[in-house]
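If you're matching them up, the sequences are chains R and V in order. Count along the first sequence from 1, then add 3; that gives the number in my numbering. Count along the second sequence from 1, then add 4; that gives the number in my numbering.
No lab work stands behind these hints: they were computed from the structure. For glycine and all other residues, C-beta sits at the position ideal for the given N, C-alpha and C. A hint or two may mislead.
[As the list claims (entries may be wrong)] Covered stretches of chain V (chain R as the covering partner; in silico rule of three or more C-beta atoms under 8 Å from a C-beta of chain R):
{"#": "1", "segment": "6 to 19"}
{"#": "2", "segment": "42 to 50"}
{"#": "3", "segment": "90 to 101"}
{"#": "4", "segment": "113 to 121"}
{"#": "5", "segment": "124 to 136"}
So you can see what is in the structure, the chains are spelled out below.
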Amino acid sequence: MTNIVEKLLTAIRGGARELGEAVVDTQSMRIFEQEIRDSKNGVAEAKEGLTEIVARKMAVDRKLNQLKEDISENESYALKALEKKDEALALEIADKVAKLEIENNELKQEALTYEQQITLLKGEIKRADKTIAEHERELLMVKTRESVQQATQSVTQSVTMNQSSIGTARESLERIKQKQQKEQDKFDAGVQLQKEMQDDSLDEKLKTAGIIKEKHTAADVLQRLKNSTYQ
Amino acid sequence: MSLLSDLSHQLSEAEVNGHQFNCLPIQGEQEVLRVEVSGLEEIPIFVTVTSTQILCISYLFTQQEIVTEKEAELNRYLLELNVPMPLSSFALVDEHYVIFGALSCGSKFESITQELIALATNSIETLQALEEFIK
Numbered sequence: 004m005t006n007i008v009e010k011l012l013t014a015i016r017g018g019a020r021e022l023g024e025a026v027v028d029t030q031s032m033r034i035f036e037q038e039i040r041d042s043k044n045g046v047a048e049a050k051e052g053l054t055e056i057v058a059r060k061m062a063v064d065r066k067l068n069q070l071k072e073d074i075s076e077n078e079s080y081a082l083k084a085l086e087k088k089d090e091a092l093a094l095e096i097a098d099k100v101a102k103l104e105i106e107n108n109e110l111k112q113e114a115l116t117y118e119q120q121i122t123l124l125k126g127e128i129k130r131a132d133k134t135i136a137e138h139e140r141e142l143l144m145v146k147t148r149e150s151v152q153q154a155t156q157s158v159t160q161s162v163t164m165n166q167s168s169i170g171t172a173r174e175s176l177e178r179i180k181q182k183q184q185k186e187q188d189k190f191d192a193g194v195q196l197q198k199e200m201q202d203d204s205l206d207e208k209l210k211t212a213g214i215i216k217e218k219h220t221a222a223d224v225l226q227r228l229k230n231s232t233y234q
Numbered sequence: 005m006s007l008l009s010d011l012s013h014q015l016s017e018a019e020v021n022g023h024q025f026n027c028l029p030i031q032g033e034q035e036v037l038r039v040e041v042s043g044l045e046e047i048p049i050f051v052t053v054t055s056t057q058i059l060c061i062s063y064l065f066t067q068q069e070i071v072t073e074k075e076a077e078l079n080r081y082l083l084e085l086n087v088p089m090p091l092s093s094f095a096l097v098d099e100h101y102v103i104f105g106a107l108s109c110g111s112k113f114e115s116i117t118q119e120l121i122a123l124a125t126n127s128i129e130t131l132q133a134l135e136e137f138i139k
C-alpha cells in the first residue's frame with residue numbers, strides 16, 4: 004500500500020492547489036476505503052475464529068482434567084487390586100490406565116496446538132487492528148486536507164473578492180495604531196481629569212481648614228481700590 | 005452547513021468579556037462565516053466547518069506585502085513564534101500569510117468564542133509585532 008502522507012507531501016510540493024484538483028484522486032480514495040473495510044471484515048472473521056478455537060481448547064482442558072481424575076482413580080484401584088494380590092485384575096486396570104494415558108497425551112498435544120493457534124491469531128488480530136487504525140488515520144488526513152483545501156479556497160475567494168473591505172496589511176496597521184492612540188488619549192484624559200479633581204478637593208480642604216486663602220476675594224478688590232484712591 | 009448558521013445566530017447574540025461578534029455569512033461552494041470581534045475588528049476572522057473541524061482563519065498579509073529581502077527572516081521568525089503563541093498557528097494559504105486555529109466540531113460554544121477572541125487578539129498583536137517586515 005502506498006504511503007498516503009508521502010503522496011500528500013508530493014502533491015503539496017507539486018503545487019496541487021487549484022480547486023477541484025484532488026490531492027489523491029477519488030478512485031484511489033475509494034479503493035483505500037474498500038481495503039480498510041476488507042481488513043475490518045478480515046479481523047472480524049479472525050476474532051470469530053479465535054472465539055471458536057478458545058472454546059475448543061476449553062473443552063479439551065475440561066476433558067484433560069477429567070482424564071487426570073480418571074487416571075489417578077484407576078491407579079488407586081490397581082494398587083488396591085495388587086494389595087489383594089489380584090494380579091489379573093490389576094493388569095486389566097493398568098491396561099485401562101495405559102489407554103487413558105495415551106488419550107491424555109493425544110489431548111495434551113491437541114491443547115498445545117490450539118494454544119499455538121490462539122497466540123498466532125491474537126498476534127495477527129493485533130497487527131491488523133494497528134494497520135487499520137493507521138490507515139484510517141491516513142484517510143482522515145487526506146480527507147481533512149481535501150476539506151481544508153476547499154475551505155481555504157472559499158475563504159481566499161471571499162477575501163480577494165472583498166479585498167477593499169479588508170485592505171492591505173499596512174492599512175490595517177494604521178487603523179490599529181489610530182485606535183490605540185485614541186484609547187491612549189482617552190486614558191490620559193481620564194487620568195488628567197482624575198488628577199484635577201483630586202487637586203480641587205485638596206484645595207477645598209486646605210481652604211476650609213484656613214491653611215490657604217481664596218486668592219481673589221472682594222476684600223482684595225476693595226483693598227486694592229482703597230490703596231489706589233488714597234495714594 | 006447548519007452548524008455554521010447555528011454558530012452565526014449564537015454569535016450574533018453573544019457577548020463575551022465585553023466583545024461582541026459581527027457575523028457575515030458568505031455563500032459559496034463551501035459556506036464561510038466572516039466574523040468581526042468588537043474592539044478587535046481590524047482583522048476579521050473567517051470561519052468554515054469541515055467534516056472534522058471548525059477552522060478559524062485570519063489573513064495577515066500577502067507575500068507581495070513583505071519587504072522582499074526580509075522574507076527568509078520573517079519565515080524563520082514565524083516558525084519560532086508558532087509554538088509560544090497561545091492557541092493560534094501560522095500558515096501559508098497560496099500567497100497569503102494566515103494565522104489560524106482549529107477546533108473539533110463538537111466544541112462547546114464557549115470554546116469557539118474563546119478561540120475567536122484569542123485569534124483576533126493574536127492577529128492584531130502579530131501584525132504590530134511584524135510591522136518592520138511589511139512594506
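* Check whether three or more residues of the segment 6 to 19 of chain V sit with their beta carbon closer than 8 Å to a beta carbon of chain R. => violated (count 0)
* Taking a Cβ-Cβ distance under 8 Å as contact, does the segment 113 to 121 of chain V have three or more residues in contact with chain R? -> violated (count 0)
* Asked: Are there three or more residues in the segment 42 to 50 of chain V whose C-beta lies closer than 8 Å to some C-beta of chain R?
  -> Coverage by chain R holds for the segment 42 to 50 of chain V (4 residues, Cβ < 8 Å).
* Take the segment 124 to 136 of chain V, compare each residue's beta carbon with every beta carbon of chain R, and decide whether three or more fall closer than 8 Å. => holds (count 4)
* For the segment 90 to 101 of chain V, do three or more residues have a beta carbon lying closer than 8 Å to a beta carbon of chain R? -> holds (count 3)
The structure does not agree with the numbered hints 1 and 4 stated previously, though it agrees with the rest.
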